[in-house]
Each structure stands twice: as structure tokens, then as C-alpha cells.
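Each chain is listed here by its residues.
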Amino acid sequence: MNRLHPRVRVVWAAQAAVAAAVLTAITVAVDRLAVDLPVWAPPAVLVVVLGVGVGLALARYRVWRYEVRDDALYLERGVFTRVQTVVPFVRLQHVDSSRGPVERLLGLASAVVYTAGSRGADVRIPGLTPAGADDLRERLKRLAIRAEGEDAV
Amino acid sequence: MKLSPLSVPYRVVERGASVVFTAAILFSGASAAFGPAGGPLAVALVGLGLLGLVAYEVTYYRRFAYALDEETLDIRSGVVSRRNREIPLRRVQNVDISRNVVQRALGIAVVDFETAGGSETEASLRFVAFEEAKRLQGEIGRLKRGEDVDDEGEGPATTELFALAPRELALVGALSFDARVPGLLILLLSGSVPAVSSLLPAGSGRLLLAAGVVALVLGAVLVAWAAGAVVAVLNYYDFRLARVGDELQYERGLLRRYDGSIPLDKVQTLTVTDNPLKRAFGYAALRIETAGYAPGSGPGEGGSEAAVPLATRDRVFDLANHIEAFGSPAFERPPRRVRSRYAIRYLLAIGVLVGLLYGADLLVARSVPWYGPAALALLAPVAAHLKWKHRGYWLGEDHLVTRNGVLRRRIKVVPYYRVQTVIDTRTVFQRRWGVATVTADTAGSLSLTGHDAAAVDVDAATAERLRTTLETRLRTALATRRGWVDGADDADENLDSDTGAGTEDETDP
Numbered sequence: 001m002n003r004l005h006p007r008v009r010v011v012w013a014a015q016a017a018v019a020a021a022v023l024t025a026i027t028v029a030v031d032r033l034a035v036d037l038p039v040w041a042p043p044a045v046l047v048v049v050l051g052v053g054v055g056l057a058l059a060r061y062r063v064w065r066y067e068v069r070d071d072a073l074y075l076e077r078g079v080f081t082r083v084q085t086v087v088p089f090v091r092l093q094h095v096d097s098s099r100g101p102v103e104r105l106l107g108l109a110s111a112v113v114y115t116a117g118s119r120g121a122d123v124r125i126p127g128l129t130p131a132g133a134d135d136l137r138e139r140l141k142r143l144a145i146r147a148e149g150e151d152a153v
Numbered sequence: 001m002k003l004s005p006l007s008v009p010y011r012v013v014e015r016g017a018s019v020v021f022t023a024a025i026l027f028s029g030a031s032a033a034f035g036p037a038g039g040p041l042a043v044a045l046v047g048l049g050l051l052g053l054v055a056y057e058v059t060y061y062r063r064f065a066y067a068l069d070e071e072t073l074d075i076r077s078g079v080v081s082r083r084n085r086e087i088p089l090r091r092v093q094n095v096d097i098s099r100n101v102v103q104r105a106l107g108i109a110v111v112d113f114e115t116a117g118g119s120e121t122e123a124s125l126r127f128v129a130f131e132e133a134k135r136l137q138g139e140i141g142r143l144k145r146g147e148d149v150d151d152e153g154e155g156p157a158t159t160e161l162f163a164l165a166p167r168e169l170a171l172v173g174a175l176s177f178d179a180r181v182p183g184l185l186i187l188l189l190s191g192s193v194p195a196v197s198s199l200l201p202a203g204s205g206r207l208l209l210a211a212g213v214v215a216l217v218l219g220a221v222l223v224a225w226a227a228g229a230v231v232a233v234l235n236y237y238d239f240r241l242a243r244v245g246d247e248l249q250y251e252r253g254l255l256r257r258y259d260g261s262i263p264l265d266k267v268q269t270l271t272v273t274d275n276p277l278k279r280a281f282g283y284a285a286l287r288i289e290t291a292g293y294a295p296g297s298g299p300g301e302g303g304s305e306a307a308v309p310l311a312t313r314d315r316v317f318d319l320a321n322h323i324e325a326f327g328s329p330a331f332e333r334p335p336r337r338v339r340s341r342y343a344i345r346y347l348l349a350i351g352v353l354v355g356l357l358y359g360a361d362l363l364v365a366r367s368v369p370w371y372g373p374a375a376l377a378l379l380a381p382v383a384a385h386l387k388w389k390h391r392g393y394w395l396g397e398d399h400l401v402t403r404n405g406v407l408r409r410r411i412k413v414v415p416y417y418r419v420q421t422v423i424d425t426r427t428v429f430q431r432r433w434g435v436a437t438v439t440a441d442t443a444g445s446l447s448l449t450g451h452d453a454a455a456v457d458v459d460a461a462t463a464e465r466l467r468t469t470l471e472t473r474l475r476t477a478l479a480t481r482r483g484w485v486d487g488a489d490d491a492d493e494n495l496d497s498d499t500g501a502g503t504e505d506e507t508d509p
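Top line first, the protein sequences correspond to chains A and B.
So the first sequence is numbered by the numbering used here: it starts at 1 and just counts up by one.
So the second sequence is numbered by the numbering used here: it starts at 1 and just counts up by one.
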């Protein structure tokens with residue numbers, strides 16, 4: 001079982017920080033424009049949201065696992081709701097590697113796997129090194145071609 | 001090939017109706033604005049508009065060409081922006097023909113081609129002669145089977161699988177409610193309530209108003225029922241489903257006639273639904289889902305799907321078994337302990353409701369019987385038991401069959417080779433009870449609403465086993481199927497005996 005790159009925690013924490021900043025700004029705006037909130041409200045929002053976000057990031061990292069098996073991609077994730085997904089290679093429609101702004105800043109990348117299904121139609125594996133994401137994409141592509149069936153639906 | 005020449009006048013009239021309607025408004029507006037000179041001006045404008053429309057439709061007709069060859073359906077179309085399309089026949093999921101009363105009188109029809117991509121109809125021929133439409137439908141079926149185009153005439157044998165009995169049609173009508181019409185009526189009438197109430201004598205006002213409201217509600221229900229019955233009868237009149245070669249063909253409708261084909265090898269899942277009433281009387285409904293579209297979300301009015309609206313349970317299961325031979329499922333229920341889980345869940349919901357009512361009671365300071373819902377707590381164990389009783393899954397030879405829901409029970413049949421991904425989810429609460437939900441995701445679009453085939457609340461160890469089993473069975477079933485697809489010549493015979501028995505567990509080199 002592979003784990004994600006440890007730095008992915010920083011990515012998630014940064015995302016939590018962005019969310020916390022936005023929510024704090026909203027609290028401040030509400031305080032100024034509408035209702036008078038206690039003085040401690042904005043910092044409290046900041047601390048709570050940031051704390052929960054960082055905690056979630058750490059927990060998420062501990063849970064996340066993935067594995068390229070003989071004929072399927074296996075993923076395990078989810079802090080509160082534990083989700084285990086099996087994506088058989090025969091079902092792969094296409095594979096992307098993508099890098100968001102925060103990911104680029106921290107030198108990480110994700111791979112996104114698409115199937116024709118309706119619910120698990122796209123599965124994202126975050127926290128890969130750019131080379132690792134490209135490798136994974138290539139590897140999955142080869143495996144998908146090898147397992148190519150007549151029709152993917 | 002060209003469209004039917006009759007499509008030009010039909011389309012002109014179809015579109016022209018709206019032009020004339022606008023014209024009537026313009027006319028009255030213009031004569032008001034410009035006095036006597038406005039009339040002729042408006043007439044001239046309308047004439048110009050109609051002329052433009054005719055020119056457009058004639059050009060559309062002249063530009064529109066389609067051709068069916070061995071591999072693809074080619075369509076060239078477009079007046080302003082031109083479009084050439086090639087649709088690989090292998091990718092066509094459904095071919096639907098529909099005709100309304102006027103089209104039937106003219107002998108023309110709309111042909112819609114569905115593919116798996118996107119939610120919209122891939123291509124639509126508006127309009128071709130009905131015989132041509134049937135020819136296209138048959139030809140596409142034949143070409144997909146890889147038969148020779150030349151040996152026309154005899155064609156594959158047609159077996160009628162299902163025909164809706166008049167009794168069943170009557171039942172469908174009697175059990176259908178269409179809330180749209182009364183909703184509209186209420187919306188229109190609600191404005192007149194103050195006006196009506198002001199007309200009533202002051203003393204008797206309240207009583208009369210109450211009676212009026214009751215009458216209105218009763219009327220709405222009646223109208224909904226009547227509308228539902230009419231719609232159902234119009235939709236399902238003379239519903240029949242037949243098997244032609246390896247395709248299903250259906251026909252239905254009283255005024256607007258639908259006529260469609262579904263390749264059997266594109267069927268994703270089958271869903272048998274019922275409710276307590278239907279269960280008590282031994283009835284059920286069946287929906288056949290392809291990746292093209294799902295029943296209900298289908299194109300056109302009310303969806304041109306092949307769904308059996310109501311039939312006796314035996315007939316439904318016979319039909320379902322004919323389409324996907326899954327046998328008679330022996331469902332495995334979740335562990336008994338989940339009943340306590342459901343009971344606790346219901347009790348919590350009741351508790352929240354009581355709490356809310358109590359809060360409301362405090363706020364308005366009136367003696368509302370806020371403790372009323374607490375009586376429901378007595379029902380919680382019963383409801384929990386029922387919920388548990390109607391849950392289950394079954395691993396068949398070639399199919400996963402799942403069952404969920406009490407008030408609206410769904411039995412979903414998923415062939416192993418249709419499974420896209422296998423998802424195992426465990427919420428915090430499920431982990432406490434040591435259970436898990438295993439979902440088999442398919443490409444069917446009905447699943448978008450969250451009604452995937454899922455074995456809910458199975459034991460954690462069972463979930464583990466189920467997941468690996470589904471994965472291996474998908475692989476074996478696909479390997480068998482691929483073997484079948486490679487020998488495309490004898491595709492027909494093998495469709496019936498498409499069992500997963502051949503367990504050659506190798507992938508292509």
C-alpha cells in the first residue's frame with residue numbers, strides 16, 4: 001500500500017488556512033455591517049476553523065492509502081466516512097495528472113482517474129510528486145490499454 | 001438519404017404557429033400604435049417572417065442528408081453553421097421512433113439516436129417516413145449484429161415478451177397521480193381567494209371558507225388523479241415489448257406512439273420497484289436502464305423508455321429473467337443487530353421532532369400538544385424491523401441483486417460485467433456497529449439520483465468478501481465476454497448462454 005507524500009498535509013492545511021481566512025473575513029464583515037459580535041468572535045472563528053482543518057488534514061493523511069494492483073486501482077480514504085474504492089483497469093476511461101496552484105507552490109501533483117460510472121466517475125489521488133503523478137498516469141494508461149475491453153460501459 | 005418531403009410543410013406549420021401567434025400580438029400592438037397604417041405594416045412583417053421561415057425550412061431540408069453504412073451513421077446538416085457527424089453504430093444505444101397524431105396521419109416520424117455520452121439525444125431525424133424510420137431501426141440492429149445487409153426480408157425472429165393487459169393499464173391509470181395540473185390550477189386560483197372570501201356573508205365566513213378549502217383540496221386530488229390517469233393511459237396504451245434478435249423493441253402510446261429499440265447488450269441494470277400496496281396485491285414495476293438514458297430522464301414527453309409500469313410480480317420477474325437470466329434471488333439480510341441501529345435512528349429523529357415542537361411551544365406560548373410525536377416511538381421497532389426485512393443482497397451466478405427500501409422498494413439487478421467501480425463506505429456510526437455499505441457503481445444514468453445497487457449495512461467482514469468477490473467476478477465475466485466479443489460471428493447464440501461458467505481467468509496478452 002502506498003501512502004501519499006507527507007507534504008500533502010501542508011497542501012490540505014494551506015487549503016484549510018484559506019478557508020479559515022475567508023470565514024474570518026466574513027465574520028469581520030458581518031460584525032462591521034450587520035450585527036455586533038463579541039470582540040473574540042473573529043479570532044475564535046480563525047482558530048477553530050484552522051484547528052479543525054489542520055486536524056482533518058493530519059487525519060486524512062493517516063488514512064489515505066492507494067495501491068496499483070494487478071488489475072485494479074485500490075484506494076482507501078475518508079476520516080469520518082471510510083471509503084474504499086476498487087477501480088478495475090478495464091473500466092478506465094482516461095487518466096489526467098493535474099497540479100493546482102497550491103500544489104504547484106509546494107511541488108506536488110495529483111492524478112485523476114475517470115470511469116464511465118455515475119458515482120465514482122472521477123477519483124483523485126492527491127499528494128504525488130509531479131514525476132510520480134506522470135509515472136502513475138503512464139502506468140495506468142498502459143495497464144488500461146492492456147486490459148482494454150470491447151466497450152467501456 | 002433525405003428527410004421526408006412532408007417534413008418541410010410540417011416543420012413550417014409547427015414553427016409557423018408561433019410566428020402567427022407573435023403576429024397576432026404584433027398586429028394588435030401595431031394597430032394601436034400606428035393607427036390604420038399599423039395593420040398593413042404588421043401583415044407585411046408577418047408575411048416576411050413566414051417567407052423567411054419557408055426559405056429556412058426548404059434549405060434545411062436540402063442541406064440535411066444522412067447515410068447508413070456498414071460502420072457508421074453519417075449525418076450532414078445545418079443551414080447557418082454546418083455540421084457533419086459520424087456516429088459509430090456500435091456506440092448507438094437506443095433508436096427511438098415517436099409520432100404524434102398529426103405525424104401519424106401524415107405517415108412521418110421522429111427518429112432519435114442515443115449514445116452513451118452526454119445526457120442529450122445524440123442525433124434526431126425530424127422527420128422521415130415511418131417505413132423509413134422502421135427500416136433504419138431494423139437496419140441498425142442488423143448491422144450491429146454484423147449480418148449481411150442483403151439478406152433482407154426474413155430477418156430475425158420476433159418474440160413477444162410482454163404486453164400490458166387492459167386490466168393492468170386500468171390499474172396503472174387508477175394508481176397514477178399527476179400533481180402538475182392541480183398545482184397549476186391552485187397557483188392560478190390562489191389569487192382569487194381573498195376576492196371570493198370578501199363576497200361571503202360576514203358571519204358564516206369562517207365555516208364556509210374551511211369548507212371551501214376542503215373542497216378545493218378534494219378537487220385538487222381528484223384533478224391530479226384524473227390527470228394522472230389520462231397521462232398514464234395515453235403513455236402506456238397498448239404497451240408491448242418484444243425481442244427481435246438481440247434487441248428489445250417496445251411500442252406504446254395512444255395519441256403519440258413511441259417505438260424504440262434497446263440492444264440487449266447495452267442494458268446496464270434492471271430495477272424492479274414496488275410499494276406496500278403493490279406488494280400486498282402482488283404487483284411490481286420494471287425499469288430497463290441503458291447507459292444512453294434512464295427512464296424518466298429520457299428525451300421527449302414523459303420519456304420514451306421501455307419501462308413496464310405495472311404487472312403482476314411473476315410476469316415482471318419472468319420478463320426480467322428473460323432479459324438478464326439471474327434466477328430467483330435468495331436475499332441475504334444484514335445482520336440482525338442493525339435493527340437496533342435503525343430503531344435508535346428513528347427514536348433520535350422522533351426526539352428531535354419533539355424537541356423542536358417543544359421549542360416552538362415555548363416560543364409561541366401556546367399549549368400545543370408537543371409531546372404528540374412521542375407516541376410514534378412505539379412504532380420505531382416495527383419500522384426498524386421492516387427496514388431490515390426489506391434489505392438484502394444476493395450474489396448470483398452472473399448478477400449482483402440488491403434490495404432496499406420499504407415504502408418504495410427497489411430490487412436492482414446488475415450483471416457483474418457492468419460494474420464500473422466497487423465502493424465500500426463506512427460512516428462513523430457504521431463502524432461502531434461493525435457494518436459497511438458496498439456499492440456497485442454502473443454507467444446507468446439513473447444512479448445519478450443516488451439509487452445505485454448497494455448492499456447496505458452488511459457485516460464488515462462480509463463487505464470485505466463482497467468487494468473482492470465483485471472484483472474477481474467482474475474480471476472473470478469480462479474475460480468470458482471478451483472471448484465472446486472476439487468471436488463476433490456467433491454472437492447471437494452465445495447471448496442466451498452468456499454464463500460466467502467459463503472461468504478462463506486470463507487477460508488479453
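Treat the hints as calculated values from the structure; they're not laboratory data.
It should be emphasised that the depicted structure is a prediction, and the values quoted were computed from it without experimental measurement.
Each residue gets a CB set at the ideal place from its N, CA and C atoms; glycine is no exception.
Some clues are possibly wrong.
[As the list claims (entries may be wrong)] If the Cβ cut is set under 7 Å, some of the chain B residues that face chain A in the computed set are: (1) Leu-209; (2) Thr-421; (3) Asp-424; (4) Thr-425; (5) Glu-471; (6) Leu-478.
Evaluation of the provided hints:
{"no.": "1", "hint": "Leu-209", "result": "violated, 40 Å"}
{"no.": "2", "hint": "Thr-421", "result": "holds, 4 Å"}
{"no.": "3", "hint": "Asp-424", "result": "holds, 4 Å"}
{"no.": "4", "hint": "Thr-425", "result": "holds, 5 Å"}
{"no.": "5", "hint": "Glu-471", "result": "holds, 5 Å"}
{"no.": "6", "hint": "Leu-478", "result": "holds, 6 Å"}
Hint check: a violation occurs at hint 1 only; the rest are consistent with the structure.
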